Amino acid sequence: MNRETRLRARFQDPLKIPARVLRKLYSEWLRLTYPFAGIGSKVSFHFTCKIDRKNAHRIKLGNDIRMEKDSSLGLSLPTEQEGDPVIIIEDNCVIHWRSQIGAKNLIHIERDVLIAQDVLIVDQNHAYENVHTPICDQGFTEGGRIRIGQGTFIAHGAAIICSQGDLVLGRNCVVAAHSVVTRSAPPYSVLYGNPARIIRQYDPAKQEWVTGPVRAPQAEPVA
Amino acid sequence: MPSGQPFEDPLNLVPRILRKLYSTWVTLTYPFASRGGNLSLHWSCLLSRRIAPRIEIGNSVVIRNDAWFNVLPEAIEGVNIRIGDNCLIGAQDVISAKNLIDIEQDVIIGTSVLIQDHNHAYEDVRRPIREQGPMPGGTVRIGAGSWIGHGASIVCNQQELVIGRNSVVAANALVTRSFPPYSVIVGNPARLARQYDPERGLWVGATGRPAVTAEVS
Numbered sequence: 467m468n469r470e471t472r473l474r475a476r477f478q479d480p481l482k483i484p485a486r487v488l489r490k491l492y493s494e495w496l497r498l499t500y501p502f503a504g505i506g507s508k509v510s511f512h513f514t515c516k517i518d519r520k521n522a523h524r525i526k527l528g529n530d531i532r533m534e535k536d537s538s539l540g541l542s543l544p545t546e547q548e549g550d551p552v553i554i555i556e557d558n559c560v561i562h563w564r565s566q567i568g569a570k571n572l573i574h575i576e577r578d579v580l581i582a583q584d585v586l587i588v589d590q591n592h593a594y595e596n597v598h599t600p601i602c603d604q605g606f607t608e609g610g611r612i613r614i615g616q617g618t619f620i621a622h623g624a625a626i627i628c629s630q631g632d633l634v635l636g637r638n639c640v641v642a643a644h645s646v647v648t649r650s651a652p653p654y655s656v657l658y659g660n661p662a663r664i665i666r667q668y669d670p671a672k673q674e675w676v677t678g679p680v681r682a683p684q685a686e687p688v689a
Numbered sequence: 172m173p174s175g176q177p178f179e180d181p182l183n184l185v186p187r188i189l190r191k192l193y194s195t196w197v198t199l200t201y202p203f204a205s206r207g208g209n210l211s212l213h214w215s216c217l218l219s220r221r222i223a224p225r226i227e228i229g230n231s232v233v234i235r236n237d238a239w240f241n242v243l244p245e246a247i248e249g250v251n252i253r254i255g256d257n258c259l260i261g262a263q264d265v266i267s268a269k270n271l272i273d274i275e276q277d278v279i280i281g282t283s284v285l286i287q288d289h290n291h292a293y294e295d296v297r298r299p300i301r302e303q304g305p306m307p308g309g310t311v312r313i314g315a316g317s318w319i320g321h322g323a324s325i326v327c328n329q330q331e332l333v334i335g336r337n338s339v340v341a342a343n344a345l346v347t348r349s350f351p352p353y354s355v356i357v358g359n360p361a362r363l364a365r366q367y368d369p370e371r372g373l374w375v376g377a378t379g380r381p382a383v384t385a386e387v388s
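Going line by line, the protein sequences match chains D and Y.
In short: position in the first sequence from 1, add 466, done, that's this note's numbering.
In short: position in the second sequence from 1, add 171, done, that's this note's numbering.
Keep in mind the hints are simulated off the structure, nothing from the lab.
If you're wondering where the values come from, they're calculated on a predicted model, not measured in any experiment.
There could be a bad hint or two in this list.
The list that follows gives simulated cross-link-like pairs (lysine-lysine, BS3-like), each with its CA atoms no further than 25 angstroms apart [unchecked claim]:
#1 D:Lys520 - D:Lys490
#2 Y:Lys191 - D:Lys508
#3 D:Lys482 - D:Lys520
#4 D:Lys508 - D:Lys520
#5 Y:Lys191 - D:Lys516
#6 D:Lys520 - D:Lys535
Take a look, some chain D residues computed to stay more than 12 angstroms from chain Y by CB distance [what the hints assert, rightly or not]:
#7 Ala503
#8 His592
#9 Tyr594
#10 Val597
#11 His598
#12 Gly605
#13 Gly631
By construction, the Cβ of each residue, glycine as well, lies at the ideal position given by its N, Cα and C atoms.
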């Protein structure tokens, strides 16, 4: 779609203009008043996005990021604690409707990542080992760190959960709809199912896509 | 939409009126390929006017909040989304078409359901998947009187995906192939859990024995 058709589509229904203006204003408001660790240009937030201002200094955002309706960037950290960013989102990412990112240690999303609707990415979980207390009072587990490689596509309803250690998805991975990913995957993998397994992978030696895994997932550090 | 007691809570009148007004606005001003009467469309739905000529909507269709209708710019000419009479599209549903998604009459679609007849191409390892565009894709048809449970996904990457009439797709199932009429489909990837045997006139399990368990849905 070229620029002109896009512009025409933008103003086809005049009733849609208020929402667009609100979105623009809210994005500017966030940029001006939230103490982000970094924020690039052309970052667009829908006005129903959930971002904590008291933890915004641990979030770093690149250019051209689009956060859609009801998506959220959450941090389960004591507020106003100084430190390195725990959510890093690089350029050109899209986070679609109702997707949630919940970080405690580090979630690093590289450039050009496409996150569809209802996706959950968390690097910790609720602790439940104490049988005498309700789980809601037990806080969170130690958790791990997550890195999602550039150019990856995460489909509708997928969950990426890292309870411990490092979880690294290589570049240009595909996570199929409703998969639950708990382990690392090498670059150019198609992950599918619950728990997710690799059903297709690109073989650089043969230069083609093959069924099943061709390489063992190597342990890669997140940062 | 509760139709029984419209004045039970006077505060509910505001969203009802908004919904009514928005439905009227869309009905009157959007150039649908064809459209029946009595459309109810929530104002938070994402249905752009650009794609309205690609959509056919039957009579008495109800579309709940945050549903998203998408027709790709690469889509083939003609009608790409067809919704039959008396359908209910639940909250937060995504219907994304490139070729044809045909939802027959009297289908109930639960919340957070995904229906798409294409997928993102990923074969080129040198470019980000975002820039690779869609696969050729196939077509999806959902038979009359079916019921799709919460969070189910129906994804057709190639050829034709048909869910027969009066089928049940259970919650969070991931359907990637066709199923015959009167099936109960569960799981990820989806499998047949129960089926109606018209010769014996009863519901049988996937093994062919009469089902004795409770209804799945």
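Query raised in the report: Against chain Y, does D:Gly631 keep a CB gap of more than 12 angstroms to every residue?
Result: About 25 angstroms separates D:Gly631 from the closest Cβ of chain Y, which puts it past 12 angstroms; holds.
Query raised in the report: Taking 25 angstroms as the top limit, are the C-alpha atoms of D:Lys520 and D:Lys535 close enough?
Result: With Cα atoms ~21 angstroms apart, D:Lys520 and D:Lys535 stay inside 25 angstroms; holds.
Query raised in the report: Is the Cα-Cα distance between Y:Lys191 and D:Lys508 25 angstroms or less?
Result: At roughly 35 angstroms apart (the allowed maximum being 25 angstroms), D:Lys508 and Y:Lys191 break the hint.
Query - 12 angstroms Cβ clearance of D:Ala503 from chain Y - result: About 24 angstroms separates D:Ala503 from the closest Cβ of chain Y, which puts it past 12 angstroms; holds.
Requested in this report: Find the nearest Cβ of chain Y to the Cβ of D:Gly605 and say whether that gap is larger than 12 angstroms.
Outcome: holds, 28 angstroms
Report task. Determine whether the non-interface label on D:Tyr594 survives the test: each CB of chain Y must be over 12 angstroms from its CB. Result -> holds, 22 angstroms
Query raised in the report: Is it correct that the beta-carbon of D:His598 has no partner in chain Y closer than or equal to 12 angstroms?
Result: Holds, since 33 angstroms exceeds 12 angstroms.
Query raised in the report: Beyond 12 angstroms from chain Y, beta-carbon-wise, is D:His592?
Result: holds, 20 angstroms
Report task. With a cut-off of 25 angstroms on the C-alpha distance, tell me whether D:Lys508 and D:Lys520 pass. Result -> Satisfied, since the Cα-Cα distance of roughly 23 angstroms is no more than 25 angstroms.
Query raised in the report: Any Cβ of chain Y at or closer than 12 angstroms to D:Val597, or is the non-interface label fine?
Result: holds, 29 angstroms
Report task. Take a quick look at whether Y:Lys191 and D:Lys516 sit within 25 angstroms of each other, Cα to Cα. Result -> Roughly 29 angstroms separates the two Cα atoms, so the pair is violated.
**Report entry** Pair hint outcome, D:Lys520 versus D:Lys490 [Cα-Cα no greater than 25 angstroms]
**Finding:** Given pair D:Lys520, D:Lys490 holds - Cα atoms ~22 angstroms apart, limit 25 angstroms.
Checked against the numbered hints above, the structure breaks hints 2, 3, 5 and satisfies the rest.
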